[in-house]
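Top to bottom, those sequences are chains A and B.
Residue numbers are given in the numbering used here: position 51 of the first sequence equals residue 102, and the series is strictly consecutive.
Residue numbers are given in the numbering used here: position 272 of the second sequence equals residue 323, and the series is strictly consecutive.
Don't take every hint at face value.
As the list claims (entries may be wrong) - For lysine to aspartate or glutamate, the following EDC-like pairs were computed, each having C-alpha atoms within a straight-line distance of at most 20 Å:
| no. | chain 1 | residue 1 | chain 2 | residue 2 |
| --- | --- | --- | --- | --- |
| 1 | B | Lys247 | B | Asp211 |
| 2 | A | Lys304 | B | Asp211 |
| 3 | A | Lys226 | B | Asp211 |
| 4 | A | Lys226 | A | Glu331 |
| 5 | B | Lys226 | A | Glu331 |
| 6 | A | Lys282 | A | Asp300 |
| 7 | A | Lys304 | A | Glu191 |
| 8 | A | Lys282 | B | Asp211 |
Honestly, the hints are just simulated from the structure, not real lab data.
Number of protein chains: 2
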Amino acid sequence: MRQSMIDMVHEIQDEICDALQQIDGVDYRQDEWLREEGGGGRSRVFSDGLVFEKAGVNVSVVYGTLSQEAAQSMGGGHELKGKDLDFFATGISLVLHPRNPMAPTVHANYRYFERGDGEKDGSWWFGGGADLTPSYLFEEDAKHFHAVLKETCDLHELADYDIYKKWCDDYFDIKHRGERRGIGGIFFDDVNGAPKADCFKFVSDCAKAFLPSYLPILERRRNLPFTEEQKEWQQIRRGRYVEFNLVYDRGTKFGLTTNGRIESILMSLPLTSRWEYCHEVEAGSEEDRLLQILREPKDWLAD
Amino acid sequence: MRQSMIDMVHEIQDEICDALQQIDGVDYRQDEWLREEGGGGRSRVFSDGLVFEKAGVNVSVVYGTLSQEAAQSMGGGHELKGKDLDFFATGISLVLHPRNPMAPTVHANYRYFERGDGEKDGSWWFGGGADLTPSYLFEEDAKHFHAVLKETCDLHELADYDIYKKWCDDYFDIKHRGERRGIGGIFFDDVNGAPKADCFKFVSDCAKAFLPSYLPILERRRNLPFTEEQKEWQQIRRGRYVEFNLVYDRGTKFGLTTNGRIESILMSLPLTSRWEYCHEVEAGSEEDRLLQILREPKDWLAD
């Protein structure tokens, strides 16, 4: 399973980066890095492209022994020792920030984790998800993104779109703002309730669904006209993105406290962002319409 | 003591805001806010001024009953209950972000806290400090800032500049970067080892020292010429400021988890900031010279 997942995330990274390169007109910068304690990764980042302000697609394969601190946060209250502290993790993680404020930011992450021997129940699991963060809301886009994710879930008995959709809304909650980061998608963790091969197939299908879920949206929005004010609103929304990632995101916090490769962890941050004191939107404006949805997530596929 | 400290922070807020208004050419926006659980504050923020991109000077007076969560983090391991959960806190907090990348950002905060009856040892304390965050290093500025703080400490037997200077370097540590946020200043907490009136006098003198510690620096730098590249470096340093405040700053974290007034807590964030993937500085450049100091804080007042 380790090798299958490693192969899958590398293939998907190639496929996605090839597609982005065609769209963006620039080449990515690739950094292969080694982790002192075991393993490493391959980071690819697009900067200053035609379409993307900043876009990163990372894979990593890391293993070793969990620190007591990390083990405690993952051990679910059980004391872990000896071989139980061994871990193996591999995954793909991407964040794309387009220039055009009409084109949404997107994030996806799919990962496989083993703790201890990785064979017995509870010693392995899959996690992941994908979510969309527009500055301007196009219902058509939200419906398309969610529909592709639901179709993918529906192909797998072990997966439940409704549960994963709610999990996503709950996870990407900027609690101090009373706003979600974006208009959701799916999020799941600890997926291990079916044979390992079935779980792997589900996660692989999700990863393969990334391009069809996002590219049609990007194509529709990347060349729309926009005003300076709309660009500024995008910058304010990017400030919120930073707030979520630095204050709440578990992966970011885990990376920052476990001596991960900082540039790969923080590649998720936008190129630029903005914090205006007491920024207010006009009632009934497009900005206001987005905020309403961020405050009360809706079911995009109802009726 | 409560009333003396309340009066002091309000007077200092007036004094500082009057000075900033003269310099900045614009008026501040004032928001008086009430806290549902008890108390409130007066926030003053300068936006879009001649000199400051964003500058906020807040005072607050809050009281009530600590949540179990907040009490635990402050109780030093003791179980607190009943009257011990009562608290009172008042303070002034300011962050000034000038436009010109040659002029440093500055932060200061002075506060008084009571828990329980506020009379017996350990049930009251003062805290605070001030620190400077330049994008470009002028040794003259660092020396002036530290010299004013040391002079203030030296007037008070209870205070120790050397200890508070090191405390500041240790506190404003962006651990995941291996960099300090800036070139330091002083930081202290739990100051209660002398009669309350003496501690108050020390903290008042610190607060009064703010303008003389900072304004001469601002005057020297606010009109210096700068390039677009230098402005961009300032934006990158502001990204680091955001990282520290959202990931490590205790006051910010406390505010975000205890239902504080979000706009007042996050007024410390710069107007704009920037994250470039794998940004590198030229060896021997001014940017590099700053980084060396942020990686290894120095004693500005030696010899």
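- Indices of hints not satisfied (ascending): 2, 3, 5, 6, 7, 8
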